[in-house]
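2 protein chains.
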Amino acid sequence: MAGGIGSRFWPMSTVDCPKQFLDILGTGRTLIQMTLDRLLPVCPAENVWIVTSARYVEMVHEQLPDVPMSHILPEPAARNTAPCIAYACWKIRMHHPHANIVVTPSDALVLNTTEYARVINAALAKTADSDAIVTVGIKPSRPETGYGYIEVGASSEEICPVAAFKEKPDLETAQKYLAAGNYLWNAGIFVWNVDTITDAIRTHSPQIAGVMDEIAKDFYTERENATIEMLFPTCEKISIDYAVMEKAGNINTIPAEFGWSDLGTWGSLHANMSKDADGNAVSGVAELHECKGCVVHTSGLEKVVLEGLEDYIVAEKGGRLLVCRLSNEQKIKEFQK
Amino acid sequence: MAGGIGSRFWPMSTVDCPKQFLDILGTGRTLIQMTLDRLLPVCPAENVWIVTSARYVEMVHEQLPDVPMSHILPEPAARNTAPCIAYACWKIRMHHPHANIVVTPSDALVLNTTEYARVINAALAKTADSDAIVTVGIKPSRPETGYGYIEVGASSEEICPVAAFKEKPDLETAQKYLAAGNYLWNAGIFVWNVDTITDAIRTHSPQIAGVMDEIAKDFYTERENATIEMLFPTCEKISIDYAVMEKAGNINTIPAEFGWSDLGTWGSLHANMSKDADGNAVSGVAELHECKGCVVHTSGLEKVVLEGLEDYIVAEKGGRLLVCRLSNEQKIKEFQK
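Line order of the protein sequences matches chains A and B.
In terms of the numbering used here, the first sequence opens at residue 1 and continues consecutively.
In terms of the numbering used here, the second sequence opens at residue 1001 and continues consecutively.
Do not rely on the hints blindly, as some may be mistaken.
Stated by the list, open to error - Once the Cα atoms are required to be at most 25 Å apart in a straight line, the calculated DSS-like pairs of lysine-lysine come out as:
| hint | chain 1 | residue 1 | chain 2 | residue 2 |
| --- | --- | --- | --- | --- |
| 1 | B | 1333 | A | 337 |
| 2 | B | 1237 | B | 1247 |
| 3 | B | 1247 | B | 1292 |
| 4 | A | 139 | A | 176 |
| 5 | A | 333 | B | 1176 |
| 6 | A | 331 | B | 1292 |
| 7 | A | 303 | B | 1303 |
| 8 | A | 168 | A | 292 |
| 9 | A | 303 | B | 1331 |
| 10 | B | 1337 | A | 303 |
| 11 | A | 303 | B | 1333 |
| 12 | B | 1168 | B | 1333 |
Think of the hints as simulated: they come from the structure by calculation, not from any bench.
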């Protein structure tokens, strides 16, 4: 899934080039490239499918040249994750009726890719010949209020039944979850075989299944694009969590610790970048003097001098500049207007 | 005098385009243009002479098209104000032996230009037919430690004898000067007739006079530029204050109040710009949120959002960006290296 528009990281990330297509950690690989890289021990590039906005198809192709162009599926309109996943799974099923599938966002970070591959392969082994749905649950390291949680049921296996999905909690609730020990972060990574997910969508989200059945008549024909453009936007706008996960049976989770971050905030970006002795994370040419705890990302300027900033975001790209306290990063969305 | 390289206002001002050539107050006129504008009631543009670095000759000509190109005198090397003034006065004297002259920096601010013209005309009336040297003394409004002071002798006239020139004082001394009431700021504006200043330089700075006599043999010939390039750099590097003012006789001052600022610091720039309700002075497109007391000057960026800054300089030009506390602006010179 690569359709995000990256508004939280403006102006580093913009609708013309959102976060998943940026090397935001300064590693030389973009987030979507790193996502593919870590999947290669699990699945060859020619078996990877990308659903993205029509405007990003070329960018995906440039960044992931090993993924077949025909596997880059354009969404004519953003309809949240359920229609996005249905589109890919309906299409895969037509040619690969026994496919075993991993669904993942393209803009998260995984530090321990060996453990990641082990976890994903364990989940795939479970779903290969069962109707289990496996969602990856990240062992929480802090009482984060920005993620949904998965309550884990008792099990002697690595893969456990899900007792309940929990919405983003307030701080007190998050602290309880952390103390209880049987709550995991929902990372939005799902594993299932293609029959399981298409059946679940048909059962719990028949409107979307109906649209997909209609579109599927034109899959792999010259009419496909026109049909997608006409019918895809008629899908209900709903997340896979609401549409399926909270309703379906045989929902499982695999507790995982592989250095995951959704990089959903400048704060999490700062936490995952290498920092100088004063806690500044700098990508670009900036020279810092008496600065502490800043995250700095510049790309278009030739020389940048920062003095006396503590816990600030400084981001510049394409003629746009933001200086904002890290503590107020939630305001960035409104600044772009 | 237009040879300054404007290093204190980096990156708004750079050696390629220093302060005097910038519209730093956002008025639509650069400082050198405003300097000429306020002199026009005193002296027509065709009688104005500019001494500047060779690299700025074209810029002066573009900004001041009414000043004859032949009146823009290039200094091949910076030698402080005494050689600069000598160069212009020696050259003026050859064709205008009775010239009455105002010398002024080109990068200061005057708010009350009517009073400025009155003061300058009063000084010119004094020097037209006497060997008086008149320096304009600004009535101090605060115990400024960044300027030299002029101690005024007793007089019943508007133009008073100078008792002494005082170096930049420490704060305690500046406070005494302010309390005493007979100390003025030295604004570097001088009035004299051409005989008076050339005689004074000959008497008190014979090395410079000797170089000028040699150069003068080639004034208004095709050899002038080559001779200037060869000989001007041999002049002693010294200010007119040290070379002449502190030694010559008949030194006078005219106490003046015409809203003067040398705009020598970001702080003084901030003080002279119009400000929003939170005391922010903004030139350019920047949008400020919860900012106070900032001075912001951007020119190359398309969109700038600043959040949560108090008493900062934010300056951007030509691919260079500075964010710096106003209280640390003295560090800016070293940041440019």
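The hints, checked one at a time:
1. B/1333 - A/337: 36 Å, violated
2. B/1237 - B/1247: 17 Å, holds
3. B/1247 - B/1292: 47 Å, violated
4. A/139 - A/176: 14 Å, holds
5. A/333 - B/1176: 54 Å, violated
6. A/331 - B/1292: 18 Å, holds
7. A/303 - B/1303: 18 Å, holds
8. A/168 - A/292: With a Cα-Cα distance of about 30 Å, the restraint between residue 168 of chain A and residue 292 of chain A is violated, given a limit of 25 Å.
9. A/303 - B/1331: 16 Å, holds
10. B/1337 - A/303: OK: residue 1337 of chain B and residue 303 of chain A at ~11 Å, within 25 Å.
11. A/303 - B/1333: 14 Å, holds
12. B/1168 - B/1333: 20 Å, holds
This entry does not satisfy hints 1, 3, 5, 8, going by the numbered hints stated previously.
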